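2 protein chains.
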Amino acid sequence: MKQYLKNHEWQIVEEGFDPHLNRVSESIFSLGNGQMGQRANFEENYSGDTHQGTYIAGVYYPDKTRVGWWKNGYPEYFAKVLNAPSWTSIGINIENQELDLAKCKVENFRRVLDMRLGLLSRSFTATFPDGKKVEVNAQRFCSMADGEVGAIKYSIKPLNFSSTAKITLGIDADVVNKDSNYDEKFWDRVYEESQMGWVIVSAQTKKTFFQVCTGIEYDLEMNGQRIGGKVFTNIRDKYADNIVEVELTEGTELTIYKYAAVLTSENHDKEELVKKCHAKIDETSKIGFQQLLAKHAAVWAHTWSECDITIEGDIAAQQGIRFNIFQLMQTYTGKDERLNIGPKGFTGEKYGGSTYWDTEAYCLPFYLSTSDPSVARQLLVYRYKHLPKAIENAKKLGFKDGAAFYPFVTMNGEECHNEWEITFEEIHRTSAMAYAMRDYVNYTGDKDYFTEFGLEVLIGISRFWVQRVNWSADKNKYVILGVTGPNEYENNVNNNWYTNYLAAWTLRFTQEALEYVKNSDGSKYKSLSGKLNFHEEEETKKWKDIVDKMYYAEDKTRGIFLQQDGFLDKELIKVSDLPAEDRPLNQKWSWDRILRSCFIKQADVLQCMFLFEDDFTLDQIKRNFDFYEPMTVHESSLSPCVHVILASKLGYKEKAYEMYLRTSRLDLDDYNNDTEDGCHITSMAGTWMSVVKGFGGMNVREGKLFFTPYIPEQWKSYSFRIEFNGRVLKVKVAKEKTEVILESGEPLEIMLNGKGVKL
Amino acid sequence: MKQYLKNHEWQIVEEGFDPHLNRVSESIFSLGNGQMGQRANFEENYSGDTHQGTYIAGVYYPDKTRVGWWKNGYPEYFAKVLNAPSWTSIGINIENQELDLAKCKVENFRRVLDMRLGLLSRSFTATFPDGKKVEVNAQRFCSMADGEVGAIKYSIKPLNFSSTAKITLGIDADVVNKDSNYDEKFWDRVYEESQMGWVIVSAQTKKTFFQVCTGIEYDLEMNGQRIGGKVFTNIRDKYADNIVEVELTEGTELTIYKYAAVLTSENHDKEELVKKCHAKIDETSKIGFQQLLAKHAAVWAHTWSECDITIEGDIAAQQGIRFNIFQLMQTYTGKDERLNIGPKGFTGEKYGGSTYWDTEAYCLPFYLSTSDPSVARQLLVYRYKHLPKAIENAKKLGFKDGAAFYPFVTMNGEECHNEWEITFEEIHRTSAMAYAMRDYVNYTGDKDYFTEFGLEVLIGISRFWVQRVNWSADKNKYVILGVTGPNEYENNVNNNWYTNYLAAWTLRFTQEALEYVKNSDGSKYKSLSGKLNFHEEEETKKWKDIVDKMYYAEDKTRGIFLQQDGFLDKELIKVSDLPAEDRPLNQKWSWDRILRSCFIKQADVLQCMFLFEDDFTLDQIKRNFDFYEPMTVHESSLSPCVHVILASKLGYKEKAYEMYLRTSRLDLDDYNNDTEDGCHITSMAGTWMSVVKGFGGMNVREGKLFFTPYIPEQWKSYSFRIEFNGRVLKVKVAKEKTEVILESGEPLEIMLNGKGVKL
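Chains as they are written, first to last, in the working numbering: chain H, 1 to 759; chain Z, 1 to 759.
Worth flagging that the hints you see were computed from the coordinates, not collected in a lab. Heads up, a few of these hints could be off.
Same chains, same label: a pair holds when it works inside one copy or across any pair of copies.
Unchecked claim - In silico PhoX-like links for lysine-lysine, alpha-carbon gap of 25 Å or less:
| id | residue 1 | residue 2 |
| --- | --- | --- |
| 1 | Lys-549 | Lys-400 |
| 2 | Lys-395 | Lys-541 |
| 3 | Lys-64 | Lys-395 |
| 4 | Lys-2 | Lys-230 |
| 5 | Lys-400 | Lys-588 |
| 6 | Lys-735 | Lys-542 |
| 7 | Lys-185 | Lys-64 |
| 8 | Lys-556 | Lys-475 |
| 9 | Lys-622 | Lys-270 |
| 10 | Lys-350 | Lys-64 |
| 11 | Lys-704 | Lys-475 |
| 12 | Lys-178 | Lys-64 |
Note that the structure is a prediction, hence the values are computed from the model and not measured.
Just chain H, with the same shape it has in the complex (with noise of 0.2 Å):
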C-alpha cells in the first residue's frame, strides 16, 4: 500500500518525483477515449524504470501459447492486448545533453491528472548535468470528441542559459510486449515518411494483420508566435520522426504543440489509411490545440453530468470514486460495438485478452444506469456476436447439439486462457451472459432483446448446462462436478454452489424468455426453433428436471450454503487470525496450501447472494455473511464490493465502509501492490456499485427502482445520478434526510425505504 498522492476532490496530484513509483504514477495518470490510450509516460526520453505503453481498443495479437504441461482442449494462441505505436515522445536535446529526467536533476515536479477536463498535466524544472536549468510544462489528452485523435503542449523554457535545442518530434512503431510469451515483436512495418512539418508511420500486426497507421504534426511558439526551425526528417524501419533545430533564448518559453491522428484498418480501407490519416492530422493540426482542448473537455463536462458521484466530508473518498468513473468512461464509451472492457483498459497490457465476466457481472449496471441504454444493449450484443464462437469452444470440450461454453477471456470470442481450473472449469462465467441480460431486461423493460438475440444464446448457455450436469444415484440429484467458482482459490471442486445456484436459475430464466417470445413473436419463435434443432417439448422438459433435482450443498445445522461439498472438512481460520506476514496468501503461501485453506479469494457464495438478493431472507443472508465473511480475504479486486452491498443490507455499517475505502482506492493507494502493472478498471465498476446499491441502497424490481440509503458516518452527504428509463435521477443522501430529485424525463413513482414516492 503506498499512499504519496494528495487529495483532491477533481485531480490527482503527485508532487515531488520519486523514480520508485513512476510505474505506478504511469498506471495512474493513464488516458484513453475508448479507442485509444496510454500509459503516463513522460513525452521527454526517460532512461530510468518505465513501461511505455500505448494501446488501441481491438487492436490485439494472438501470442503463442506457453504452458509447463499441455492439456488437451487448451488454445494455441492466447489473444493480447498489443502495445502499440507510440506518438507521445518529445525529444529535448541541449549541447549533446538529452533531457531525462533519470539524468537531470528535477525540481518542482508536479503531475496533474484533471478528471473533469480529461486533461494529464505535468510540470517540473530538470537541471542538466552542466548546470543549465529548464522548466517545462506539459499537457496532454485523448479526445473524447474524436477517438483518431490526441494532442499534445510541450512548453520548456531555458531558466539560465540561451542554446541551440534539438526536438525530436517522432513516431515508433518499434514496441514490445512486456508480456510476449516467446520475446517476439508484433508489428511488421508497412510504410514510414517523414516530411518537414509531419510524419507517418503505419504498421500491420503479425498474423492478425491490423494495420495502424500513426500521423503526427506540430507547431512551435515563442512569445505567441509561431516560429520555425531547421528541421531533419528521419526515418527506419518501423520509426520516423522531424529533428527541428530552434533557438531557444533565456527566459523565453518554446511551445510545442504535437497533434496526433490514430487509423486503423478496423475502421478504414487499408488502401487508404495514410491518406486519411494525412488529412486527419492536417485538420486536427487547424483545429489547434486549445480549440480540441475544449471539444474534448465538453464531452467530460456532459459525462459527469450524468454520472458523477459527489460526496462530502471525505475528500480521499471523493477523489476515489471520481478517478473509478473516469477510468470507466475513458476505458469504453459504448460507441463501437466490436469492442469491451479491458480489465486493465490503457493502462497496462496484463491478463491479455479484452473481456473477462466482470463486463456482465460488474460492469453492466454502471453503464445501464450511467449512460444511455444502447451502451449495455451493445455489450449484449457484443456477446451475441461471439455465440458461434462460444459454441465451437463448447465442441472442444466435448459437448455438442449447440451448448455454447463463452471463453474466460476473449478478444474475437475465442478461448485465450490456458490453465485447465480456469479456462475449463470456471464455468459459471456462461451464465453471467444470462444474467446480464436478465439486468438489461430489469432496468429498460426491453424484452424484445429476447426476441431478437436473447433466446438463441439463452437456449445454447441451457444446452451447456443440460451437458455439464450430472445425475449423482449417490445423492438422488444433479451434481455439477469438477468446477472452480467466482473463489479461485479453490480448484476442480464438485457441487460450488454458486455455479449450481446459477446454472439451475439459468433454466428457469431460459424458460421465462422463452415464453416471452413464443407469446409475443410466435413465427420468431418458430424460425429461430428451426435455426437452432430446438425441441421444445424434450429439451425443456429436462430443463425443468435439472431445476427440481438440482443438489444445493447446505450445512442445515448452521443454517448456510456450503461454498462447495467438503468445505466442512477444512480448518475454519479467521483471516484475523493470520500472521500478517502470511499476507498477502497469493504471495505468501504455496497453491496447494491456499487451496486446501478455510480462505477466500473473492465472494463466492456472498456474490450469489449478491446477484439474487431477493431470492434469500435477510437472515439467511446473514447467516451466510457471518460465515463467509471472516474467511475473505478479498485478494481479487473484484471482491470487496459485493461485501460493501451485503453489509449495508444487513446494517453492518463498520464492516461496510471498511470495504469501501479498499475498493475505491484500490489504484490510488495501490493497495495490492500491482498498480504498476496498469489499474484495476473492471473493478471500478464494483466501487461505483458500492455507493449506487451499497450506500444507496438502489435496485431495480421488475423495472421499479428502489432506494434504501443510509450514510457512511465519516461522511456529511453524497449524491449520484442514475438514468432509468429515459429519466435522470439525482440522488442525495446526507444524514438528516434523502432526496431525490427527477432532473429530466417524465414523472415516476419510486420506492424509497420501502415507501411509494412520485417525482
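Add chain Z to chain H, keeping to what the hints say.
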C-alpha cells in the same frame, strides 16, 4: 498399437525398413550399460525423421522452468536428462554421395537386438541414386564390463563398383535437447582435438559444469588385414573428426572398428579428463572388438543367470519379458549410489529428471529379487542422501520442524516438476520412501538400516504427514485435503483413500522402526533424537492420535473403499462402454472431462491393496477390484501390473493374462503410441512383478518366501529365478506341477501353496 517386430525368444528383430517406424525402433533398440547409452540411431548419416539421443547417467541440466501461469512454490528449474556428445556416427561418402537411408534404395534391412549378448546389429543393402550398391553390416554395444567404453564394428562391401570412399569418424557435442524450454543449447565447448587415428572432444554443461570427455580411435580392415588411408583431420566448436579416404574394391568388405571412451567429471578430475580419455581409448582399441564383446557378453551371461524368466509355449510373451528385464538391467546396475532409474533410461529424454516414485513402488522388488541386496540398499541410501533437500522442499511449501517432502521428479534431490496438481499435491510419493524400506527390511531382514539411515528419513516423512493432515470438526476425524492420488485423472481431491492409508501406515511404521532403533542401539537413538530435535513423547502421541482417528472414505453398502470423497457422485460407466474413438482419453478428451469422469488412469485403491495385501481379506479385495477394475483405462504404464497381481490372487486368470500382455509388450507393440519418445523403463519392473508376484504368487512375509503359483492357459510352463537371503532359487511352474529348486546357498524353508517346504 503396432506389431511390426518378429517374435523371437532372445532377439528383437525388425525386418524391412519403414521410415515411419524409425523413431519407435530407435527407442526399442536402444543400448545402455548403466553409465551411458544411446538410442538406436544409425551410424551413417540419416536425413530422414530421427531423434538423435545419447545419454550419460547423472549428467543433467537445470532448464529454466516454463509455465503459463506461475504458482508460488514452483521450482525455478527443471533438471533434465541431457542429450550428450555422440560417438556413434560413421559417415560414408562415395563420389560425393552420402550413404543415407533416406536417399538410397534400401533392401534386406534387418535390425536385431540380441538381448543375450547385449548386441545391436543391423544389415542392409543400399543403392545410391547413381546405382552403386553396397552391403552393410553393423554391430555395436555399450560395454557392461566397462561403463566408459563402447565399440562399433561397421562393414561395408561394394557390390557393383570400385571407388574411393570418404569415411567420417567423428564426435559431435553440438547436440540439443528436444525438450529444451527456451531452445537453448546446454553444452559449452572445452576442448577438441583431431589427430590421425583419433579424435577427442570435451564439453561442459552450462550451469551444472559437468565435463564429458569423449574419445574415439578406429581401425580399418580389409581381407582380414589392417589397412590405412589418407586422413584429413577437422575440428570446429564442439566437434572433431577424421576423414579417411579408402579405396573400395567391388566384392571386398571394408570393416571399420570404432572404439569409444566416455569419461566424465563425475568420476575423474576435470584436469585429467583428456589425458585419461586418451589412455582409455588407446587401451580399448588394443583390446579389440571381439575381446571387448566377449567381456561384455560374459557380464550379460551372468546377469541372465540371475534374473532370466523363461516362458514355454508363448514366444511373444517370452520375448516381452526378456525385453523388459534387458532394459532394466542396462538402465541401472546399482554400481553408483548417485544414480537412479530414469523413466526412459537411455532410450529418450522425455520426463526430464531421473527419479520418480516408480523406483520405490515398482522397481525395488525387481532389484531386491534379482540382484545383491546392496543394489536395493543403494537405492534407499540415494534417498537418504536427498533428505536435506526433501526438508528444504517441504519448507518452501510452508512445512517446518524437519518435515520431509520428497520431490515428484528429481535429479539431485530438488523438485523439478511444475504442475501444481502433481508437484504440490501428489504427496503420496513421500511415503513410497517408507514403503521401500518396508520391502527392503522384509526381504533382507536388515533392520539395522533403520539405525544407520532409515529412521531419520521416516521421522522426516512422519513430520510431514503430521502437518499435512488436518482435523475435520465436521467428520470428527483427521482428513487430508487437496491431493492427487496415484490416479492422476483426479486432481485436488479430498481424502484420497490411498494417500490417507499410506499416511497412517507411515506413522505406524515409523513407530516400529523407532522401537527397533531404541531397543537395539540406545545411544544411536539418543544422538539421533538430539540431531533431529525429536520430542518422542509429544510427537509419537500425535502419530498415534492420527493413526487412530484417520478418516477413510468408504461405501458400506457396496463394501468398498472410496477412491476419494464424492467418488460416488460420478456417473459410473464402464470402460467397455466407451466408444473406441474416445480412447485413449488423454488424447481425445479435454482435461476437465477426464477429471469429472469416473475413469481411472492407474490403479489407486487397488494399488494400496496390492502394497498391503495382507491387510485386507480376499473378499475386500474382490469387491474393490470388481468395482474399480471396469473403470480403469490403464493410461499409465504403471497400472496393468497391479491388476495382474490382484486378478491372479482373485483367480481372474483371463483378466490377469490380458493385463499381462498389455504390460509386457507395451513398448514392443507401441501400445500407447508413444514409444518413439523412449521406452517405459520403470514400468518394466511391473512386468517382472506380474510374472513373479502375479502368476508366481511370490511374496515375502516377515522374512519368509511364499509362492502360490498358477500358469496362464496360453503357456506350457514358465520359470523365474529369485535371489533371496544369499540363496538363488529357481521356480518352474508347469501345468501339472511346480518345482522350486535351490540353485545355490544354505537350505531354507519356503511356503508353497500354503504349505511349508524345505529346500
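When no copy is specified for Lys-350 and Lys-64, does a C-alpha distance of 25 Å or less occur within a copy, between copies, both, or neither?
both (16 Å within a copy, 22 Å between copies)
Within, between, both or neither: Lys-395, Lys-541 at alpha-carbon 25 Å
Within one copy only: 23 Å inside, 54 Å across.
Given identical chains, is Lys-400 near Lys-588, meaning Cα to Cα at most 25 Å, within a copy, between copies, both, or neither?
between (42 Å within a copy, 15 Å between copies)
Between copies, within a copy, both or neither: which fits Lys-556 and Lys-475 at Cα up to 25 Å?
Answer is both; intra-copy 16 Å and inter-copy 15 Å each pass.
With identical chains, the pair Lys-2 and Lys-230 could be close in the same copy or across copies; at 25 Å between alpha carbons, which is it: within, between, both, or neither?
Close neither inside one copy (46 Å) nor across copies (77 Å); limit 25 Å.
Between the shortest in-copy and the shortest cross-copy C-alpha distance, which are at most 25 Å for Lys-64 and Lys-395: within, between, both, or neither?
within (21 Å within a copy, 35 Å between copies)
Within a copy, between copies, both or neither: where do Lys-704 and Lys-475 come within 25 Å Cα-Cα?
The answer is neither: 40 Å in one copy and 47 Å across copies each exceed 25 Å.
Tell me, please, which holds for Lys-178 and Lys-64 at an alpha-carbon limit of 25 Å: within, between, both or neither?
both (15 Å within a copy, 19 Å between copies)
First find the shortest C-alpha distance between Lys-622 and Lys-270 inside one copy, then the shortest across copies, and answer within, between, both or neither for a cut-off of 25 Å.
neither (58 Å within a copy, 72 Å between copies)
Taking 25 Å as the upper bound on the Cα-Cα distance, should Lys-185 and Lys-64 be classified as within, between, both, or neither?
Classified as both; 12 Å inside a copy, 22 Å across copies.
For Lys-549 vs Lys-400, is the C-alpha pair at or below 25 Å within one copy, between two copies, both, or neither?
Within one copy, since 23 Å is at most 25 Å while 46 Å is not.
Homomeric proximity label, Lys-735 with Lys-542: Cα distance no greater than 25 Å:
neither (52 Å within a copy, 58 Å between copies)
Figure legend: structure checked against the earlier numbered hints; hints not met, in rising order: 4, 6, 9 and 11.
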